[in-house]
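Chains as they are written, first to last, in the working numbering: chain A, 895 to 1119; chain B, 1305 to 1348; chain C, 180 to 396.
Quick caveat, the hints were computed from the structure, so don't treat them as lab data. Just to be clear, a hint being listed does not mean it is correct.
To be verified - List time: in silico DSBU-like cross-link candidates among lysine-lysine, alpha-carbon distance up to 35 Å:
id : chain 1 : residue 1 : chain 2 : residue 2
1  : B       : K1338     : C       : K310
2  : C       : K240      : B       : K1336
3  : C       : K310      : A       : K907
4  : C       : K310      : C       : K240
5  : B       : K1338     : C       : K240
6  : C       : K310      : B       : K1336
7  : C       : K310      : B       : K1331
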Amino acid sequence: MNPIALTWVLVGKDLKIEYRSRQAYLTTVFFALLILVIFNFAFDPGSPATREAAPGILWVALLFPGIIRLNRSFQVEMEEGTLYGLILSPADRGVLFLGKFLANWFLLIVVDLLVLLAFVIVYNFSFSVQLLWIALLIVLSALGFSAVGTLLGAMVSTIRTREVMLPVLLFPIILPIILPAVNGTQEILLAQEIQSLGRSVELLVAFDVIYLAAGFVLFDYVVAD
Amino acid sequence: MTYLFFGYLVIWTVLFFYLVFLARSQKRVNDKLKALSETLQQRD
Amino acid sequence: MIPLYFLMVLALYGAFLYAPTEREMGEVQRIFYFHVGAAWNCFLAFFGVFLGGVGYLITRKQSWDHLAASCTEVGVVFTTIVLVTGPIWARPIWNTWWPWGDPRVMTTMVLWLIYVAYLMLRSSLPEGETKYKYCAVFGIIGFLDVPIVWFSIRWWRTIHPVVITSSGAELEPEMIHALFVAVIAMTVLCVTLVMLRMAMRLNSSMAEEVTDAVQRV
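Just chain A, with the same shape it has in the complex (with noise of 0.2 Å):
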């Protein structure tokens, strides 16, 4: 089988078991709600205030459901022994990971996506085609937040303390994503003019690259024997 076709197997099969066991994924949904809503009632609604903080609060709802979603991708696997199956599978170490990394991806894209929309009803901003402009930021940080959350989720899946181990060292190091993020959307949603938006997606689409490259190469390391 080609690589190609290897990883697409990979991302199906992980879908596959999102979609039987939806119950856990929705859940995920539904907490990231829950943090918009309680963010609401923590402030005083209708204030500027909330207003200029709501940017923050977004992104703030996107991380927590990323971790539970990394969190789930390998304890499946631990839970069913089924890493290991793969590992002794001829499939390359590096197809792995991507397989790996694509599904994470693109559960995550959903979940915010959704989130993204409740959030545009919960906190009161217009449907415009801005809001295109942060879906798109939200698809290149979930692009680096997964391929360092694949890898270092890989890392914690045998540790008893994984719960609280994966964002104590996937929230440092992912930083550089969160901050031109949290800033393009700030730009989108309350600057009268755009100015550095273009910087923002110029800088995540470095960092993904780089933290994709990294997963990549150390992901071998992480899985071998």
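Starting from the known structure of chain A, fit chains B and C onto it as the hints suggest.
Okay, now just chains B and C, sitting in the frame of chain A:
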């Protein structure tokens, strides 16, 4: 001047605590070696 | 050891007596010498972590892991010094404890977070090859992340209000001499600590090996 004093106080306390930590790990290694030599003596 | 003591005393002499008092900042500026000395050593130590990680993944020799682990500990100690002396210096000068926009301050803080996470990862994994491998991988990513964090924050700062401009401070020649001695003293201290810690780790793992061997006989 107080700021300066506290600045240096911090440097030395941090280093001091690290030294305490080092001394404790050193003691652990020592204990290990002691236990080892005791088991060896019992063998003889 | 003796040169280290000598250098430390010389550095203290340089910072307190030899260097003149800064005209605008006053006495507080004397934190500067050790602050910079510690800051440079953070990067040195974390480079050691990176080196140890790469070395371990290539050779699979435990001594590389000892290097990485020792460097992380010492690096975190020095970063803590930098992070605590920084605000103490910044408060009277810039009138703020924590200048959130400054790329140096922020990068150092993120560094601290990354390597404290590294230590947590270390302590939560059971002893063995897997542990060394994982730590090596995380140490490598952490170090690769340093320039990325720097760029990200520097760009972020340009669109945020700049609280401080730290450039423009001219140093007297005596100050440069004092700084030079302090940096060397701190570097020697850093290297000495790392070597001590490595020796300790080597002894510890050797003791364990011998104990195992004895029990098997």
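Against the structure, the hints:
1. B:K1338 with C:K310: holds, 27 Å
2. C:K240 with B:K1336: holds, 23 Å
3. C:K310 with A:K907: Status holds; Cα separation ~29 Å.
4. C:K310 with C:K240: holds, 13 Å
5. B:K1338 with C:K240: Distance of about 27 Å is within 35 Å: holds.
6. C:K310 with B:K1336: holds, 22 Å
7. C:K310 with B:K1331: At roughly 24 Å apart (the allowed maximum being 35 Å), K1331 (chain B) and K310 (chain C) satisfy the hint.
Figure legend: structure checked against the earlier numbered hints; every hint is met.
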